[in-house]
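K.L.:
Whenever a hint applies, use it, and build me the whole structure from the sequences.
2 protein chains.
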Amino acid sequence: MSQPTTTQADRKQAKPEKNRPATLPVPGDSAVAGVLADVLDGPYAEAKNKLRPLLNDASFLPPVEGSLDELRAANLEKVKAVAASGEIQPSFSPLNGGEGKVTAGVTSLELIAQVNNSVCIKSGVQFGLWGGAIDALGTERHVKFAQGAMDLSMLGCFAMTEMGHGSNVQHVETTATFDPETQEFIINSPTPSSKKAYIGNAARDGRWAAVFAQLYTPDSEESRGVHCFIVRIREEDGTDAPGVTTSDHGHKGGLLGVDNGMIMFDHVRIPRENLLNRFADVTEDGTYVSPIENPNRRFFTMLGTLVRGRMGVGASAAGATRAGLALAVKYANVRRQFEAGDESKEARLIDYRQHRRRLLIPLAKSYALMTFQNAILQRFQNQIDAQFAGDWDPARPTKEQDRAGREMETLAAIFKATASTHANSTLQTCREACGGAGYMSENLLTTFRADVDIFTTFEGDDTILRQLAGKNLLTAYGWEAASWSPFDIAKHVASNVGDILARRSGIAAGIETISDRVTGTGSLFEADTQLRILQYREEQVLESLVRRVQSARKMDRAEAAKVIDRAQDHLLAMADAYGDRMLLQSMIEAEGQLEEGSTARAVFEQVRDLFALNAIVEHADWYQEHGALSAGRSKAAKAAVNDLVDSLGPWSETLVDAFKIPQVVLDRPMMTNGGTDLS
Amino acid sequence: MSQPTTTQADRKQAKPEKNRPATLPVPGDSAVAGVLADVLDGPYAEAKNKLRPLLNDASFLPPVEGSLDELRAANLEKVKAVAASGEIQPSFSPLNGGEGKVTAGVTSLELIAQVNNSVCIKSGVQFGLWGGAIDALGTERHVKFAQGAMDLSMLGCFAMTEMGHGSNVQHVETTATFDPETQEFIINSPTPSSKKAYIGNAARDGRWAAVFAQLYTPDSEESRGVHCFIVRIREEDGTDAPGVTTSDHGHKGGLLGVDNGMIMFDHVRIPRENLLNRFADVTEDGTYVSPIENPNRRFFTMLGTLVRGRMGVGASAAGATRAGLALAVKYANVRRQFEAGDESKEARLIDYRQHRRRLLIPLAKSYALMTFQNAILQRFQNQIDAQFAGDWDPARPTKEQDRAGREMETLAAIFKATASTHANSTLQTCREACGGAGYMSENLLTTFRADVDIFTTFEGDDTILRQLAGKNLLTAYGWEAASWSPFDIAKHVASNVGDILARRSGIAAGIETISDRVTGTGSLFEADTQLRILQYREEQVLESLVRRVQSARKMDRAEAAKVIDRAQDHLLAMADAYGDRMLLQSMIEAEGQLEEGSTARAVFEQVRDLFALNAIVEHADWYQEHGALSAGRSKAAKAAVNDLVDSLGPWSETLVDAFKIPQVVLDRPMMTNGGTDLS
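Here the protein sequences line up with chains A and B, keeping their order.
Just so we're aligned: 613 in UniProt numbering is position 613 of the first sequence, and the numbers increase by one with no gaps anywhere.
Just so we're aligned: 223 in UniProt numbering is position 223 of the second sequence, and the numbers increase by one with no gaps anywhere.
Read the hints as simulated data drawn from the structure, not as lab findings.
A couple of the hints might just be wrong.
Each pair may be met inside one copy or between any two copies, as identical chains are not told apart.
[As the list claims (entries may be wrong)] Only pairs whose alpha carbons sit at most 20 Å apart, straight line, appear in this in silico SDA-like list of lysine to any residue: (1) Lys-101 <-> Asp-151; (2) Lys-638 <-> Gly-627; (3) Lys-638 <-> Ala-628; (4) Lys-101 <-> Ala-47; (5) Lys-562 <-> Arg-353; (6) Lys-50 <-> Glu-99; (7) Lys-562 <-> Arg-204; (8) Lys-635 <-> Arg-232; (9) Lys-562 <-> Arg-72; (10) Lys-638 <-> Asp-565; (11) Lys-399 <-> Asn-296; (12) Lys-48 <-> Gln-593; (13) Lys-399 <-> Pro-295; (14) Lys-638 <-> Arg-52; (15) Lys-399 <-> Ile-292; (16) Lys-50 <-> Pro-394; (17) Lys-399 <-> Leu-61; (18) Lys-50 <-> Gln-170; (19) Lys-638 <-> Ser-544; (20) Lys-101 <-> Ala-628; (21) Lys-638 <-> Asn-168.
Small disclaimer: the values here were computed from a predicted structure and weren't measured.
P.N.:
Okay, structure coming up:
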């Protein structure tokens with residue numbers, strides 16, 4: 001990445017005072033936006049800057065009027081333009097003609113989401129889910145399918161979710177029964193609840209599907225577990241393939257360009273080779289073979305594909321949020337209402353503290369999420385690289401790799417849940433901050449909000465994901481934790497909190513030494529102090545959670561389930577505390593890239609202060625209950641949040657300029673008609 | 001209202017233990033739903049039960065597909081059905097052929113919002129705003145317009161908001177200049193920012209508009225202030241009237257059946273009689289006359305019409321929320337996912353504590369809002385009745401009436417802001433709690449959410465309304481507070497907190513004596529304790545706010561503005577604390593209608609406990625900072641919230657059955673397909 005340069009206003013601002021943010025130069029220096037953008041783009045600046053011009057095109061903006069079929073057809077054309085750009089295909093493995101750069105897929109979706117989320121999600125379904133399943137679970141014999149996904153000659157679905165089983169994937173009911181006579185699998189939907197549901201590309205465009213089903217082989221009565229199969233669902237002319245019944249979910253709360261539908265299979269026969277056989281296969285004589293002995297481990301190894309999807313959803317949610325913030329912050333800098341100090345002129349919205357609070361607090365979190373995304377994406381890429389290099393066999397990982405893989409899953413779950421929840425609340429705030437203008441579709445905010453709504457559900461419900469993360473932490477990354485019943489959790493809870501804490505790692509290599517590097521005076525404006533306060537909550541919540549759950553060890557199933565149910569809010573609090581700490585760590589890491597003493601550094605530090613202090617304030621009740629913050633310090637943190645939004649107010653446009661949102665998104669009617677100071 | 005009857009399970013449950021909710025009979029007793037419904041419907045049960053059958057009609061459900069013109073045309077037909085029912089017109093004054101029952105308008109909108117918010121809002125525009133403006137501001141000479149609004153022969157707009165002035169009504173730029181030569185007013189839009197914007201009925205159906213404009217008469221250089229005029233905007237064939245230019249806002253984030261548009265006037269001439277002259281008139285020779293001397297008071301007397309609108313918006317938001325809660329709670333009682341204690345069967349969503357927390361905490365607030373609505377609606381009706389009886393002249397109120405009127409404004413502002421914010425967050429939670437099914441338009445939740453989105457903005461932005469309430473409280477109901485600049489606020493802040501507190505009243509007559517009636521042991525489960533805890537916050541926030549603002553008394557304009565801006569979050573906190581206390585008071589009042597010792601009473605008390613304790617928990621940080629709750633008591637309140645959602649879980653369906661949502665709304669596909677236990 002390019003080195004941040006020193007700007008004009010550098011070295012002018014004062015040192016931070018004990019309980020006040022440093023005084024920033026006013027007005028904001030727009031050159032700083034470029035420096036901040038480099039930090040936010042991180043290692044992906046080059047790739048992003050290549051894609052941005054393509055997206056800065058009014059024809060990419062989401063249409064809102066027209067029939068569903070028109071909206072879907074228009075959306076497909078845009079996905080074709082994405083494919084033609086060639087920027088997303090490097091995410092595929094070299095085997096399939098890609099470059100094994102998983103980052104390319106994620107950052108592409110992130111940028112597309114800043115312009116049009118229907119294009120983003122349909123692209124995600126095609127390249128990330130349908131293509132991604134083949135890429136991650138297939139072998140040489142599936143290259144043609146992967147390439148068909150990459151060049152759009154084969155439009156496909158990711159058919160995992162069923163009507164009766166959304167979150168509980170391990171219990172999907174669709175069956176795949178091997179018939180040695182014909183060397184085929186018979187794909188079948190045995191019950192109404194086994195219908196594949198909410199599947200993207202299934203209502204209209206999909207011709208193929210990666211179908212997750214319980215595998216039955218002649219050598220066993222029991223299911224071999226959930227496996228993935230390539231099934232043709234429609235003929236090229238769009239009629240259902242024999243034995244397949246597709247249907248249309250019709251109108252949804254958003255993402256109108258994406259054709260979600262249902263799929264049922266009535267004993268559909270597919271060749272034996274259509275089993276994606278990287279981690280398990282069925283031989284010609286019907287024998288089941290897999291390099292992974294434990295069925296649970298096999299299931300979760302295959303489900304590893306979801307990590308990629310969750311990174312994509314999180315990045316897209318975060319991208320759309322930044323676009324919304326840019327719109328609302330820019331509007332707040334032009335729109336005037338009510339006189340303030342000067343009787344002759346109404347004040348700009350940004351001149352009101354409550355308005356600054358509403359926009360700048362989430363903006364700080366968007367900065368934190370961006371640095372977190374960069375950090376975990378890099379770590380994920382390292383993991384993939386190690387696999388391609390042969391140093392990491394996903395079927396037989398070392399103990400350390402196993403733990404790291406599970407930690408990656410936790411990080412992705414936290415990222416996805418945090419980013420998608422943040423997206424919904426922030427985009428809603430942005431809409432409200434733009435008043436009536438915000439409700440007009442031409443100003444994009446309501447479409448963005450409606451589109452990201454479902455991000456909190458797909459690729460894993462946010463509550464379930466936070467629970468998954470909590471379980472992972474609670475069981476010190478026991479790799480099967482995700483599948484555990486409350487009873488299992490109780491049995492396997494880590495016996496030693498110290499053990500879990502010792503294993504708790506940062507994201508990048510250097511991060512662990514932060515406490516050594518930063519020696520704090522205890523001021524709330526010191527990164528070290530902030531980190532220690534967040535870590536304290538993480539550790540205490542964990543300790544209390546372990547204590548609660550351990551009591552269930554000797555109980556029977558029903559009693560243990562009750563205890564775990566009663567600890568559910570603590571499990572979620574655990575995940576949130578961990579997430580807050582990780583986000584802060586990423587911010588501290590990122591700010592190290594900025595020249596000390598530079599204005600950009602000073603501004604970034606205040607954004608970090610705002611994120612950290614707000615995270616503390618949001619749990620001020622807990623800190624006081626646990627004697628970890630005095631009443632005075634709690635009040636000081638609240639006052640500091642107010643001081644910070646005041647200090648950053650004049651910098652608000654610079655902060656969103658650093659997001660580099662395509663200009664075509666920002667050129668909204670409200671900026672000139674409803675926003676211009678016409679008084 | 002009908003008297004709650006004693007149900008079978010009555011008198012069976014235990015007394016509340018010290019720190020635990022009383023044990024309720026399990027499973028819930030559905031007969032209790034009827035008893036609770038009577039309390040929730042309150043004095044309006046009869047009127048509501050008359051309207052409910054009309055709305056229980058699938059053709060009333062909101063369509064989501066079709067062109068804007070189709071959606072708008074279909075919506076207009078439904079408004080005609082509402083008009084034909086005759087249930088909403090009694091809200092007009094006897095002069096215009098109504099019954100002066102403002103409650104009829106509010107409760108009608110509330111019920112319609114449970115089925116279709118486009119119908120609700122278009123009805124609100126037609127009867128409540130356009131009709132309501134004529135009814136409240138007009139005189140004998142405007143009866144034909146009021147009746148045209150009532151029978152739909154005159155479709156009209158409420159043209160207050162301008163592009164440049166949404167919240168700042170006092171500074172609208174449209175002018176109405178009297179021309180004595182022709183005995184006409186000339187209505188004109190002098191600037192682009194004076195364009196009337198976001199006006200319902202303006203894009204398509206409106207033929208008339210109640211236009212708010214600065215009045216200029218020959219006897220003065222200066223504006224006489226904002227007055228309201230009846231202006232024809234379109235000919236019967238739909239073409240713009242001479243000098244009028246209407247335009248269409250097009251697609252919005254919701255309420256697609258409502259045709260919002262813009263209106264500009266180019267020296268449009270209207271007869272002198274079209275000034276709504278109840279509070280001010282212009283004589284034939286151009287002399288301005290008004291029974292209200294002070295221009296500010298005149299402005300706010302005319303703006304009193306907004307109180308009615310805010311009650312309607314709040315009631316509609318609350319109604320839509322209850323429909324959403326009924327859907328999500330019922331889904332949670334049928335939908336199963338993941339095994340819990342019993343390995344053979346997946347648990348219902350409601351069996352998970354986090355799910356109970358997500359749904360039952362907002363449900364308790366919905367109960368509180370319903371009792372609050374009934375209380376303030378009754379008070380508002382009393383005020384109107386006194387006016388019709390000649391005991392209360394709105395142009396020359398007594399000092400006591402003046403204060404009561406201002407307090408009514410505060411209550412309506414709090415109600416509208418609380419209900420609309422609650423609607424958005426709760427409907428979003430309901431959508432998420434129904435997972436993918438919640439995102440399908442056929443299940444209604446996303447349409448409801450998108451429709452109520454703008455409720456937080458129209459009829460007064462929620463932040464501005466909370467601020468207005470805060471200002472009213474801060475200045476001990478100085479009646480001009482709403483128009484005050486920060487400088488004025490600083491000058492007029494009450495000098496004596498005790499003075500404000502002494503004036504602080506309850507809603508109904510009896511409410512003040514609650515503290516005497518209920519003698520508490522100090523248990524968190526006692527109404528008295530809860531009320532004292534909420535009152536403490538209200539008083540302390542007020543005291544601290546007064547202290548802060550008083551310092552600005554001797555400052556100049558710019559400095560004072562800064563101090564007020566810095567106190568903005570305290571002003572909002574003041575309004576919220578007041579709102580919490582008032583909601584709790586209403587609940588305590590309402591529960592007095594239930595027979596002591598009955599199951600219905602026990603259930604209702606726990607709903608009240610849940611609302612109150614959650615309101616305390618949400619501010620647990622503040623209470624500890626101010627030494628008002630110990631760490632132990634704060635933790636106990638949190639534990640109590642969990643215990644309460646556990647206790648009320650089996651009663652959740654009964655609680656939403658008491659909302660009496662039309663069955664056609666509840667008959668959603670997810671209840672049978674995605675929801676049925678098919679495992």
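K.L.:
At most 20 Å between alpha carbons: which applies to Lys-50 and Pro-394, within, between, both or neither?
P.N.:
So Lys-50 and Pro-394 fail the 20 Å test inside a copy (32 Å) and across (66 Å) alike.
K.L.:
How do Lys-50 and Glu-99 come out at 20 Å by Cα distance, when the copy is not named: within, between, both, or neither?
P.N.:
within (17 Å within a copy, 68 Å between copies)
K.L.:
Could you place Lys-638 and Arg-52 in one of the four classes (within, between, both, neither) given a Cα distance threshold of 20 Å?
P.N.:
neither (38 Å within a copy, 48 Å between copies)
K.L.:
Check Lys-101 against Ala-628 for me: Cα-Cα at most 20 Å, and say if that holds within a copy, between copies, both or neither.
P.N.:
Result: close neither inside a copy nor across copies, 44 Å intra and 56 Å inter.
K.L.:
Within a copy, between copies, both or neither: which one fits Lys-635 and Arg-232 at a CA-CA cutoff of 20 Å?
P.N.:
Result: close neither inside a copy nor across copies, 62 Å intra and 56 Å inter.
K.L.:
For the identical chains here, do Lys-562 and Arg-353 meet the 20 Å Cα criterion within one copy, between copies, both, or neither?
P.N.:
between (45 Å within a copy, 9 Å between copies)
K.L.:
Please work out whether the CA atoms of Lys-399 and Asn-296 approach to 20 Å or closer within one copy, between two copies, in both situations, or in neither?
P.N.:
within (16 Å within a copy, 76 Å between copies)
K.L.:
At most 20 Å between CA atoms: does that hold for Lys-562 and Arg-204 within a copy, between copies, both, or neither?
P.N.:
neither (44 Å within a copy, 58 Å between copies)
K.L.:
Pop the pair Lys-399 and Ile-292 into one bin, within, between, both or neither, using alpha-carbon distances up to 20 Å.
P.N.:
within (14 Å within a copy, 84 Å between copies)
K.L.:
If the cut is 20 Å between Cα atoms, do Lys-562 and Arg-72 qualify within a copy, between copies, both or neither?
P.N.:
neither (46 Å within a copy, 51 Å between copies)
K.L.:
Reference check for the pair Lys-101 and Asp-151, CA-CA at most 20 Å: within, between, both, or neither?
P.N.:
within (17 Å within a copy, 66 Å between copies)
K.L.:
With identical chains, the pair Lys-638 and Asn-168 could be close in the same copy or across copies; at 20 Å between alpha carbons, which is it: within, between, both, or neither?
P.N.:
neither (41 Å within a copy, 30 Å between copies)
When the structure is compared with the earlier hints, violations turn up for hints 7, 8, 9, 14, 16, 17, 18, 20 and 21 and for no others.
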